[in-house]
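Student: Chain by chain, the residues run as shown.
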Amino acid sequence: MNRLPGKTVFSSVTFLTALCFTPSLLAAPPVVKVDGSSTVFPITEAVAEEFQKARKGAVNVTVGISGTGGGFKKFCRGETDLANASRPISKKEMEECARRGVRYYEMPIAYDALTVMVNPQNTFIKSMTAAELKKIWEPAAQGKINSWKDVNPAWPDQKIKLYGAGSDSGTFDYFTEAIVGKAKSSRGDFTASEDDNVLVQGISGDKGALGYFGFAYYIENQKKLKAVAIDGGKGPVAPTPENVDNGTYQPLSRPIFIYVSEKSLDKPEIRDFIDFYMKNAPQLVKEVKYIPLPAKAYAGNLEHLAKKKLGTVFGGQNEVGLTIEQLMKREAQL
Amino acid sequence: MTTLPLTSPAADVDAIRRLIARHKTWDWLFGLLGVFALMFAMLVFAMLFGQMLKNGLPHLSWDFFTSFPSRRAASAGILSAWVGTVLVMLVTALVAVPLGVGAGIYLEEYAPKNLLTDIIEINVTNLAGVPSIIYGLLALGLFVYQFGLGQSIAAAGLTLALLILPVVIVATREAIRTIPQNIREGAYACGATKWQVVSHHVIPYSLPGIMTGVIIGLARAIGETAPIITIGALTFIAFLPPSPFGNPDQLISFDWLTAPFTVMPIQMFNWISRPEEAFQANAAAAGLVLVVMTLSMNAVAIWIRYHFRKKIKW
Chain A
2 MNRLPGKTVF SSVTFLTALC FTPSLLAAPP VVKVDGSSTV FPITEAVAEE
52 FQKARKGAVN VTVGISGTGG GFKKFCRGET DLANASRPIS KKEMEECARR
102 GVRYYEMPIA YDALTVMVNP QNTFIKSMTA AELKKIWEPA AQGKINSWKD
152 VNPAWPDQKI KLYGAGSDSG TFDYFTEAIV GKAKSSRGDF TASEDDNVLV
202 QGISGDKGAL GYFGFAYYIE NQKKLKAVAI DGGKGPVAPT PENVDNGTYQ
252 PLSRPIFIYV SEKSLDKPEI RDFIDFYMKN APQLVKEVKY IPLPAKAYAG
302 NLEHLAKKKL GTVFGGQNEV GLTIEQLMKR EAQL
Chain B
14 MTTLPLTSPA ADVDAIRRLI ARHKTWDWLF GLLGVFALMF AMLVFAMLFG
64 QMLKNGLPHL SWDFFTSFPS RRAASAGILS AWVGTVLVML VTALVAVPLG
114 VGAGIYLEEY APKNLLTDII EINVTNLAGV PSIIYGLLAL GLFVYQFGLG
164 QSIAAAGLTL ALLILPVVIV ATREAIRTIP QNIREGAYAC GATKWQVVSH
214 HVIPYSLPGI MTGVIIGLAR AIGETAPIIT IGALTFIAFL PPSPFGNPDQ
264 LISFDWLTAP FTVMPIQMFN WISRPEEAFQ ANAAAAGLVL VVMTLSMNAV
314 AIWIRYHFRK KIKW
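Each protein sequence line maps, in turn, to chains A and B.
If you count the first sequence from 1, you need to add 1 to reach our numbering.
If you count the second sequence from 1, you need to add 13 to reach our numbering.
Hints are computed from structural coordinates only; laboratory data are not their basis.
Hints are supplied without guarantee of correctness; some may be wrong.
[As the list claims (entries may be wrong)] Over 12 Å on every C-beta distance to chain B, these chain A residues come out as not near it, computed from the model:
#, residue
1, P30
2, N61
3, S67
4, K75
5, G102
6, F173
7, G203
8, G209
9, A296
10, L335
[What the hints assert, rightly or not] Computed Cβ-Cβ distance ranges for the label pairs, DEER-style:
#, chain 1, residue 1, chain 2, residue 2, range
11, A, T192, B, W75, 39 to 45 Å
12, B, V48, A, R78, 53 to 59 Å
13, A, K57, B, W75, 18 to 24 Å
14, B, K126, A, R78, 56 to 62 Å
15, A, Q327, B, P71, 34 to 40 Å
16, B, A141, A, D232, 54 to 60 Å
17, B, A54, A, K57, 30 to 36 Å
18, B, I146, A, K185, 19 to 25 Å
19, A, K297, B, R233, 28 to 34 Å
20, B, A87, A, G58, 17 to 23 Å
21, A, K185, B, H320, 58 to 64 Å
22, B, A54, A, Q327, 56 to 62 Å
[Unchecked claim] According to the in silico footprint, chain A covers these stretches of chain B (three or more CB under 8 Å from chain A):
#, stretch
23, 58-72
24, 248-256
Ideal Cβ positions, reconstructed from N, Cα and C, are used throughout, including at glycine.
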């Protein structure tokens, strides 16, 4: 006859009871918690990796990807120390933070250049004007602009296939704002994906394709794609780090940010992390294929900390085509 | 068959032979269809697995298991991911097994057959079909915020335990139902109480079936991403939860339960969506590890069933 072993039952019951009471006695190393945009993730990840190495495990860093909006939600609830953001904090998020008493510093940390791409076999496109892009992407174009000829009579009558960022991403928000003129306003009949590798695959396999996504994905896939120079009114400008840096690649280059909670800065490890971030950003940003800001911008971020200049310079409104110099001249407000 | 003409015996036999031949054709056709269906499923799996093997195998090394994630594909590993997965699975099993088996035994052996138990039965079966992200949302509100567990291993383990609870309950009940009624009656005739019948006969005899159900449930849970992301698992985490041993004040410390974590599917997803192509190989290698984990869990389930069944004699 088989019996249930009494000892096993007893010990598993004790174990389960113990599970319910978990006293925390061990002093684990302090943790810097970061969450937010997937666009900013590679930069913060690189900084976190180097920071942990430099501090030899005395401080731990975690980085999550909840998207810019999800990151701000956790940030305003006080669950995280830093928020990664590919756009400035919105009016709603500012109110939410204020309601819960979370005050913050806004720090631009890099540029991202939205890159417009066509198939490498496309021979007739070298540059496009912002107006032409608008003609293709505005909501009214749906059903009307189906061939390249519909955009510009000089182009051949070839079917145009569109690829773009998913509607939940900051990239989509920025592109529509910069090109169509209103955030989230876009035609709907394009292949949308949050995973940029899907877009790379699509554009590289389709002769009539046109698409856009972040610069880093273009750089890694240069052989499969052809970048389009953008004419914002002053002649065609190619998406290169130099052109982003000197402010001529407009309107598709944008600053990306981290937000730091004022309360968290009381902890020495957070302050240490921010110092490390700003000191190493120029090199690490370049390494992960984003475009670093001028050195004075990073120094400016630390100066804001020292002078306690809290808040955002955007007032809850995203703006297109701002240079970092213009940003730095503005006064931050909560 | 009564419609067959009965006039000439020869014609009769002919008609019957033709009828049989026609039915045999259907037999054969259905067999062929079955083989096609099987081949399709097998081929797709074999192709996916082969591709993963080809891309991932060169990248598998001891270092891959002992390194933390990194921005450099060559030195990135799955240490925090596989440790996270194992710990989350441990919590899931410890919670889901007693609750699920207990509920199954109660419903099968103790519960009176009335409207209430009928409703419970239907709901348990339905719960098995609820999309996993719904469990994630429930867990976010309940475990993460209401119980204050935060984005921890405990919260993730409890979430997945909820997810596989219906599977465990249904498997337990199925296993119990296969036990012949006369075994129970024999035990009662000898003066056994209900608990004695359950603990001496019902549980031991149904154990293989229950274990199979538990492991199939866990194999499902190990690949779940949606509910774990919903409750806030992390993407970059380059340290391990505190060890349960080595604390001078306690024999076993439970600090790891409240530690932040990541799991294998999240690590894979992150690598797949990276711009650098080298990370695709990492993702394939991690996928290989995950598939091997799942397959070996299934293998254990088969072994347990075989091994325990041999011992049961009635």
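Student: Can you name, in rising order, the numbers of the hints this structure does not satisfy?
Tutor: Those not satisfied are hints 1, 2, 3, 4, 14, 15, 17, 19, 23.
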